[in-house]
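Peer 1: Sequence:
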Amino acid sequence: PSIYRLLLSSAGNQSSIFVFMVVGLSDVPEPQLLLFLLFLCIYLVTVGGNLVILIVISCDRRLHTPMYFFLANLSVIDTIFSSVTVPNLLFILATAQKSMSFRGCITQLSFFQFLVVAECYLLAVMAYDRYVAICSPLSYALIMSQSLRCRLVATCWVCGLVNSVVQALSISHLDFCGPNVVDHFFCDVTPLFKLSCSDTQLGETIFLLVVVAAGMGPLTFILMTYGRIISAIARISSSLGRYKTFSTCASHFTVVALYYGSGIFSYIWPSSTYAMDKGVKVVAVLYTVMTPMLNPIIYSLRNRDVIQALRNAVGRRR
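Residues in the sequence shown are numbered from 95 upward in steps of one, following the working numbering.
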């Protein structure tokens, strides 16, 4: 809390603009009730789905394993991640009131950057977990001890926090004395750089380094890990054995492809000439709104253990 108070105090001292106008998904000045209902349903499914995953994992002792420990942390991140952006989008759609205070904008940006990086590293940790389970099955329980699991997850959260502070400081020390229209549906680093009347070269360089280190670094590790996993699966003589082994990774690989695919288009593709047109906004919606909703669905539909645990929970209710 003291870190964010420092950031907000710095933000208030640097800017001559105290209110941003967050455009939302379009320039329409009237409330958009159909979109409001759509995103409200998505948000409720996201929060409900991730809470179900958390409850099922916590209540079923058979799911108290490293893989589901990491999945529970992913559900926590996705729940908060969605709550950072969607409620404000719902407010814009329902009321057409698009103003956001400078401090509110910095706060939203801070939490968003915190969770984006934490999830990047957590997906890499989950890939490592699958690698150990497939390539060193006899040593899996020994390697993925409770102590190591907790340290790995703590590292993910700390990396997210460091990124959050760095990005918030780089924005809060800029001057905003011209246009105040954020052409996005939430406050993020790149559109705010475009509104600043200060020299943003240092901040943009830092942001690029973070994208490479916190985004592409974990992705490279994940791809290398899956290369090892595929090589190990190819050596399995039984086709049924290969299928069963790969099926344990299929959900995670789907989540990685969805998260990084949309994230690359959101950050790397438009970074040189940033124009938040409808196409980029659609990709941003996929990245920030749809992915947290789809993750619990993907893990539930493709995971027999989770499905069985859900059935057992429903059966006990009856």
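Mixed in with the good hints, there may be bad ones.
As the list claims (entries may be wrong) - In silico EDC-like pairs for lysine to aspartate or glutamate, Cα to Cα no more than 20 angstroms straight-line:
1) LYS288 <-> GLU298
2) LYS288 <-> ASP277
3) LYS375 <-> ASP399
4) LYS375 <-> ASP121
5) LYS338 <-> ASP277
6) LYS375 <-> ASP277
7) LYS288 <-> ASP121
8) LYS192 <-> GLU298
9) LYS375 <-> ASP269
Quick caveat, the hints were computed from the structure, so don't treat them as lab data. Values in this document were obtained by computation on a predicted structure and should not be read as measured data.
Peer 1: Give a verdict on every hint.
Peer 2: Status of the hints after comparison with the structure:
Restraint check: the Cα-Cα separation between LYS288 and GLU298 comes to about 10 angstroms, which is no more than 20 angstroms; the hinted pair holds. The hinted pair formed by LYS288 and ASP277 meets the criterion: a straight-line CA distance of about 10 angstroms does not exceed 20 angstroms. About 36 angstroms separates the Cα atoms of LYS375 and ASP399, which puts this hinted pair outside 20 angstroms; it is violated. A distance of roughly 13 angstroms separates the Cα atoms of LYS375 and ASP121; the hinted pair therefore holds under the 20 angstroms criterion.
At roughly 46 angstroms between alpha-carbon atoms, LYS338 and ASP277 are farther apart than 20 angstroms, so this suggested pair is violated. A distance of roughly 9 angstroms separates the Cα atoms of LYS375 and ASP277; the hinted pair therefore holds under the 20 angstroms criterion. Proposed proximity of LYS288 and ASP121 is supported: the alpha carbons are some 18 angstroms apart, at most 20 angstroms. For the proposed pair LYS192 and GLU298, the alpha carbon gap of about 26 angstroms is over 20 angstroms, so the pair is violated.
A threshold of 20 angstroms between alpha carbons decides the hint, and for LYS375 with ASP269 the separation of about 26 angstroms lies outside it, so the pair is violated.
Comparing the model with each earlier hint shows violations of hints 3, 5, 8 and 9; every other hint is respected.
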